[in-house]
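Please put together the full structure from these sequences, using the hints given.
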Amino acid sequence: MRCVFSKLLDLLKYEKKETKEFCMNCGQRTAHELVRDDQGEYWKVCKRCGRREYVGMLR
0 MRCVFSKLLD
10 LLKYEKKETK
20 EFCMNCGQRT
30 AHELVRDDQG
40 EYWKVCKRCG
50 RREYVGMLR
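Numbering (numbering that gives the first Met the number 0), first residue to last: 0 to 58.
Derived by calculation from the structure, the hints in this document are not laboratory data.
The reader is advised that the hints may include incorrect statements.
[Claimed, not checked] For lysine-lysine, the following DSS-like pairs were computed, each having C-alpha atoms within a straight-line distance of at most 27 Å:
| no. | residue 1 | residue 2 |
| --- | --- | --- |
| 1 | 46 | 19 |
| 2 | 19 | 43 |
| 3 | 16 | 43 |
| 4 | 46 | 16 |
Structural data, given as structure tokens:
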């Protein structure tokens, strides 16, 4: 039960925003999520292939 609770807390830590952009890996325009990790850095993650692209620290 503790493991499930900690996974839920990990999911709630990340802020997500979805955009539709061109993925260099897929070669198509696919949905990307802007994900903020626990260090405050932002990543664009392709929902189709899972490729992560570093965005930086947004203010």
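Hint check:
no.	hint	verdict
1	46 x 19	holds, 10 Å
2	19 x 43	holds, 11 Å
3	16 x 43	holds, 9 Å
4	46 x 16	holds, 12 Å
Violated hints for the displayed structure: none, as all numbered hints are satisfied.
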